[in-house]
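Student: Build the full structure now, drawing on both the sequences and the hints.
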Amino acid sequence: MSTDDNTIVAVATPRGRAALGIVRLSGGEALRIVSECLDRPLKAGSFRRVESRLTLSRTAGFPVVLYVMLAGRSYTREDVVEIHAPGSPPLLAAILSEMRTRGARLAEPGEFTRRAFLNGRIDLAQAEAVMAIVRAGSETEERLALSALKGDLSRRVGAVRGELVHLMADIEAGLDFVEDEDIFVPPERQRRSIEGAAAALAQVLSTSAVRRLYREEAAAVLYGPANAGKSSIFNLLAGSPSAIVEDMPGTTRDFLEAAVDLEGVRFILVDTAGIRPPAELVEQIALEQSERAARDAQVVAFVVDASRVPDDTARRLYESARTLPHLAILNKCDLAQPRDIAAWRRFFSKGGPAQASTRHGVLELSAATGRGIDDLEAALAEMVLGGFVNLSGSRYLIDARQQTCLEHALAALERAGRMVETAAGDELTALEMRDAIEALGRVTGEDYFSDLLDEVFSRFCVGK
Amino acid sequence: MTEQTDWDVIVVGAGHAGIEAAAAASRLGARTLVITMNIDSTARMSCNPAIGGLAKGQMVREIDALGGLMGRIADATAIQYRLLNRQKGPAVRAPRAQCDRARYTLAARSMLENLPNVALCEETVTAICARGRRVLGIQCGGTLYRAHSVVLSTGTFLRAVLHIGEEMVSGGRRGEGAASAISDSLKDLGFSLGRLKTGTPPRLDARSVDFSGLAEQSGDDEPVFFSFSSNSTTLPQASCHVAFTNDQTHSIVRDNLHRAPLFTGQIKSTGPRYCPSIETKIVRFAQKERHQLFLEPEGIDTNEVYLNGMATSLPRDVQEAMVRSVAGLESAVITRYGYAVEYDFVPPTQVSATLETKRYRGLFLAGQINGTSGYEEAAGQGLLAGINAALRAQGLECVTLGRHEAYIGVLVDDLVTKGVDEPYRMFTSRAEYRLLLRYDNADMRLMPIGKRLGLLDDASWQRFERKRREVEDIKDFLAVTLAGGTSLEKRLSRPEISIDDLAAEYPALTSWSRDARDLAANDIKYAGYVARQEASIGRMKKSEAERIPSDIDYHALRELRFEAREKLELHRPDNIAQAGRIPGVNPADISILLMHLRRRAACTARPL
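Chains E and W, in that order, give the protein sequences.
Those letters in the first sequence? Residues 16 to 479, per the numbering used here, in order.
Those letters in the second sequence? Residues 12 to 619, per the numbering used here, in order.
Since the hints were derived computationally from the structure, they do not count as laboratory data.
Remember, it's a predicted structure, so these values are computed and weren't measured experimentally.
By construction, the Cβ of each residue, glycine as well, lies at the ideal position given by its N, Cα and C atoms.
A hint or two may mislead.
Now the in silico label distances, taken between C-beta atoms and shown as ranges [said to hold, decoys possible]:
no. : chain 1 : residue 1 : chain 2 : residue 2 : range
1   : W       : H269      : E       : E178      : 36 to 46 Å
2   : W       : R550      : E       : R170      : 29 to 39 Å
3   : E       : D389      : W       : A612      : 33 to 43 Å
4   : E       : P201      : W       : A519      : 49 to 59 Å
5   : E       : E203      : W       : Q405      : 35 to 45 Å
6   : E       : E203      : W       : D195      : 43 to 53 Å
7   : E       : G118      : W       : A538      : 43 to 53 Å
8   : E       : K58       : W       : D432      : 51 to 61 Å
9   : E       : E178      : W       : D195      : 27 to 37 Å
10  : E       : P201      : W       : C132      : 30 to 40 Å
11  : W       : S223      : E       : G460      : 54 to 64 Å
12  : W       : K299      : E       : G173      : 26 to 36 Å
13  : E       : R170      : W       : G595      : 18 to 28 Å
Tutor: So, in structure tokens, the structure goes:
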């Protein structure tokens, strides 16, 4: 719920900026949470910029710059702390995880902006755009529900939840229908069910990839030789009617980047052509870009000019892209001869993009005529929804909200287990179990009470 | 048409809901008219002769804490008390009592007749009158009774049909008629109506029952009363007895299913799953070898016993065979046959949390007309509707009860945000803040509210203040008294230590009343959990304060998903908290709705 007053956290660095990473927190606990990792706690004084050392539970301290913006002055009108740290993705992920352990929860799509709006910080004209973003988030969710990986998650979480509802029906019937039947669940059985469910959830969490770790989008990098038409494609995608461009204040851009909604998936589209360094450095910088993409982009769209023959530059650049989840795009097909296209297809057939997606491996396109752009949009979305992206070893695809729910449920189950162990009373076990079942229901979209009643009334003959 | 004097409040129906509505309105100084089809049927117990039970007992105490009648009537006529779940945690204990059915009605009628500002009139209402979006009053034949507020608490009487086997007669209760004109009038006013079913078991002549083989269930030695003002029983106490159905009973039922209205299609509406008929139990739980039956005495000077557990609408001859197949009941004589009743209700998503209809200002619905079942559920709604009807008549703001404040709050919120698809009964598991909504603290939770509204007499308030001081003193004592370096408070928070254990060691504790002692102890036992729930209550209150204007057009909110638009339009919630509880409305929808409300507020605030 957006009306809650949890403290939220997200990595707020724009994609592709290697030197600096920003983790942003907003909410009443922001100062407290960050202070716990500092030598000296932040005081709600007048300062705004603090140089300090951040110590995480599993790393030595490292220097950071903190920007503290108190409620009323900040973007969200809540207490905001920005942690500016070296831009290494693993380090940013570690900071994120530390902040979450200490009580922050991952921000939902557009949540900083949403809070800014709800707290009266941004003006009415922006409201429409914010609503569209939130809506896009929820549509993506619905779409994802149809995708295979999400379907598996729902089934698995649904099964765990089902077992808990079964046990809960025993416990609640034992509390509410004492006059009708003698229902008693031995603590040993309660303990086994709860521990089984907790283990299953822990396993789901450990084998899940969190969708859109950074600001909740998938990053798609347009990459390839100069003059292949990357910028034209960027403009087509970013300017398509479904595209939404969200401005995040406090971020700087060194090259072109746009947030777009393609087939219900939010992408941060990065045009590497946006950088115009001295000519002799192009290749080196492009390669660096590719390395960065290797670390954190979810999809690489490798763009070539189909009207020219494959050359060494293309070959060298492609070397760094071929091991990544990628699509190959033959641009300028309107100008290309059939034999050129055939040559490129041969070029890409050697261990090429078919690995990532056999269906959409090589796309023919013309940015000039717009031909094939729909296919590209669909292919990019499919890379994410179909699970071809950054998911090696993962069985489930979850988003930040789902992760929060699953972790919440797991913690509640651990407490429930302790209630059983200490014989604290069925009403207290039930309190924790309900917490867990409701959190899981937020993942599977099921209603707690009607399910519980169905279970009780189908199994127990209650009522005098 | 003749016109009657103007009333502040008119209450239609003098059942458990109606009398509470009248009493609350009376307390608030509203000139109130109660119209009933039969004054002798005031607060009749149509079903079992008992009050309270799990979640219901808590509600009776809540009603009492808000100045209602039910607790006092039950205590005045109780013939057996039991505190249920005595062995389990205090949050799931609840008082229950068998009452003398005839005396219950008489006591209720006497209280009703003696309420200041209240008049009674035996009439049949033929229409609800409204002009525009306001209620005008009600009409009985050629007479119009004008009122600022009207409370409809008509129970099971709307287009009611009774079923015993193939026999179908019009009536809301055995031997009484139906009120069909009100259904038509409500439809004319634009309300949609649904249909529900409920049933009762046969009653027996105790002289024909062989009690020797039946297990006796007696009451508690130390009764827990419903009313905070009660301190002794007035009637002699009686026992219940337990019997069981058997194979033969089940065969009789199975062989006669072709004559059971529930299975032949004669009854089409939904009955309660928690209170199934014996025929439903036997079909749905075919593997169960026996079902428990309770023989509950109907009163102290009658021989009738109520055969709880055998609700049925099978034909008379089948009921006889079925009853006589039970050990102990071989020669039982049935005094009244069981029957089912089907009746109209107004799906409760059409009322708001004040129980005022969304369609007409001043028109309130309470009790079974809202799709609930049970005397206590009805009474709780009657009380709230009566308060608000009076406030409305006085031009004051209506009030609601929160889910964290009372079971009555949970009840009303569930009704208005989720609607019903079977008669709604309260369970403790419906309350997410169950640890807070206890029978022992109903006075602490609600008497301050009752006092503020003007529902309490001075004696009740003084008693409350005394107890509140006692509880504070006990808590202080427990906090400052150390035993081996730890406070008694800390020791008490361990599950295995009870206040009685401490009282044995520290006799000083016994100088305070048992009620206050138990309450202090239970508060301490649950303190940690309650503190954790406070945050969630805080969030809920915040979103409850986020009101949704009643003229909002959900269909115009294109940013909302289609399903959310439909659901919101159907329920038309009063606030954001309610909207969030509507099934099918997700958190993203709520964000969008909130943003829309902010935008709208900003637009309206802008100078022209």
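Student: Taking the hints in turn, state whether each one holds.
Tutor: Okay, the hints, checked on the actual structure:
no.: 1; hint: W/H269 to E/E178: 36 to 46 Å; verdict: 40 Å, holds
no.: 2; hint: W/R550 to E/R170: 29 to 39 Å; verdict: 31 Å, holds
no.: 3; hint: E/D389 to W/A612: 33 to 43 Å; verdict: 41 Å, holds
no.: 4; hint: E/P201 to W/A519: 49 to 59 Å; verdict: 40 Å, violated
no.: 5; hint: E/E203 to W/Q405: 35 to 45 Å; verdict: 59 Å, violated
no.: 6; hint: E/E203 to W/D195: 43 to 53 Å; verdict: 59 Å, violated
no.: 7; hint: E/G118 to W/A538: 43 to 53 Å; verdict: 22 Å, violated
no.: 8; hint: E/K58 to W/D432: 51 to 61 Å; verdict: 56 Å, holds
no.: 9; hint: E/E178 to W/D195: 27 to 37 Å; verdict: 50 Å, violated
no.: 10; hint: E/P201 to W/C132: 30 to 40 Å; verdict: 59 Å, violated
no.: 11; hint: W/S223 to E/G460: 54 to 64 Å; verdict: 57 Å, holds
no.: 12; hint: W/K299 to E/G173: 26 to 36 Å; verdict: 29 Å, holds
no.: 13; hint: E/R170 to W/G595: 18 to 28 Å; verdict: 21 Å, holds
Taken one by one, the earlier hints fail for this structure at numbers 4, 5, 6, 7, 9, 10, listed in ascending order.
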